[in-house]
Amino acid sequence: MVVPTMQSNRRWSLVSSRPDLDLPLTGCMGKASSMALGLALAQPKTRVIVIDGDGSLLMNLGTFVTIGEQAPANLIHVSFDNGVYATTGGQPVPGSHRVDFAAYAKSSGYRSSHQFEHLEDFISSIEDLFSAEGPVFINLKIQEDLDDLSADERMAMPSLVKNYPAMKDLFAS
Amino acid sequence: MSDNAAGLDPRSILKEFKKNKISHLVWLPDSETNFMYQVMTSDKDLTVVPVCREAETIAIAAGLQLGGKRTVVLVQNTGIFESGDSIRGIALDLNLPLLLLIGYRGWVRHGITKDSAAFYTEHFLHSWGIDYYLIESDSDAHLISHALSSAEANSKPVAVLLGREYS
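Same order as they appear, the protein sequences are chains L and G.
In terms of this note's numbering, the first sequence opens at residue 15 and continues consecutively.
In terms of this note's numbering, the second sequence opens at residue 229 and continues consecutively.
One chain only, chain L, in its complex shape (with noise of 0.2 Å):
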């Protein structure tokens, strides 16, 4: 299961071949990965993954600890930094150019922790990285690419409010 956040939530949308298995949350303060935490926990034999970015984590920076405690084996924490708020226009995230926040999920307590700044790096190392036991953390620095959309089709992105009544039986016991 996947649980894409603000722009990753129409990025993934275009690549997902299950889109029945994603969980696509708008907004709350970047909470993505503390919703994955918890579907981790709850389901330790499904493999979770949370497409985090920078602006998001450091809204919600203890969730690196919180996770870390916890140490789901199942997750994967996948970030996008691109050093903007690409949802808003693209202003810069404060301080995110010097943050390491790799080395703040190894110190949390994440059985791995990883930084790529090469596409190739990335893909070779991809295999490996998602069969780890978790929680696994990836960083990706990546160029800014922001989407030029109307207010019209941000209301029309993938999101979980529209997903939730069809997944909410997908483990009732």
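Please keep in mind that the hints were generated in silico from the structure rather than gathered at the bench.
Remember, predicted model here, so these are calculated numbers, not experimental data.
By construction, the Cβ of each residue, glycine as well, lies at the ideal position given by its N, Cα and C atoms.
Hints are supplied without guarantee of correctness; some may be wrong.
[As the list claims (entries may be wrong)] Sample of chain L residues facing chain G (criterion: CB under 10 Å; computed from the structure):
| # | residue |
| --- | --- |
| 1 | M15 |
| 2 | D36 |
| 3 | G41 |
| 4 | S48 |
| 5 | V79 |
| 6 | T80 |
| 7 | V107 |
| 8 | P108 |
| 9 | H111 |
| 10 | V113 |
| 11 | Y118 |
| 12 | S121 |
| 13 | P179 |
[Stated by the list, open to error] Derived BS3-like pairs: lysine-lysine, alpha-carbon spacing no greater than 30 Å straight-line:
| # | chain 1 | residue 1 | chain 2 | residue 2 |
| --- | --- | --- | --- | --- |
| 14 | G | K272 | L | K182 |
| 15 | L | K176 | G | K249 |
| 16 | G | K243 | L | K182 |
[Said to hold, decoys possible] Stretches of chain G that chain L covers, calculated by requiring three or more beta carbons in the stretch to come under 8 Å of a beta carbon on chain L:
| # | segment |
| --- | --- |
| 17 | 273 to 279 |
| 18 | 285 to 298 |
Fit chain G to the supplied structure of chain L, relying on the hints for placement.
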């Protein structure tokens, strides 16, 4: 069950949890509810998930509930204020049948509270359309079951305020 200073034994609350098959408690401890800590963390059927900041509780609980686990959130009223956007965007927008146990900081049975945390608590819940109940003693503990039933029947979060005389 013996009463503690607040007239509310944590075992009364735990009994309600067991009756309702609650398996997870997502909690940031506070002054009003710390009397429950030992009982809750030592129970073998209950998993306590500690957090660093209160708003995490709503999202973690939503994930646990999506994953099929019966979950309760426990934070202080100040933490509920801090959790506003998660309550809106997750608990209310998803119609989560989630029980919010809230330590009622500043609550007084008689007189006028001097704590703005207490003054705004019920206004806050009213503004979100969240029904709530007040528990002061063991004889009120059954309201937890009632609140859980109400949350599930109406598919929405419901709050239970844990009142202690402020001193």
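Hints and how they fare:
1. M15: Holds, because the Cβ-Cβ distance from M15 (chain L) to chain G comes to roughly 9 Å (cut-off 10 Å).
2. D36: violated (12 Å)
3. G41: holds (5 Å)
4. S48: Holds, about 4 Å.
5. V79: holds (5 Å)
6. T80: holds (5 Å)
7. V107: violated (18 Å)
8. P108: Result: violated, 18 Å to nearest chain G Cβ.
9. H111: violated (24 Å)
10. V113: Status violated, d = 17 Å.
11. Y118: violated (13 Å)
12. S121: violated (14 Å)
13. P179: holds (9 Å)
14. G:K272 x L:K182: At roughly 27 Å apart (the allowed maximum being 30 Å), K182 (chain L) and K272 (chain G) satisfy the hint.
15. L:K176 x G:K249: holds (29 Å)
16. G:K243 x L:K182: The hint holds at about 27 Å.
17. 273 to 279: holds (count 4)
18. 285 to 298: Answer holds; 12 residues pass the 8 Å Cβ test.
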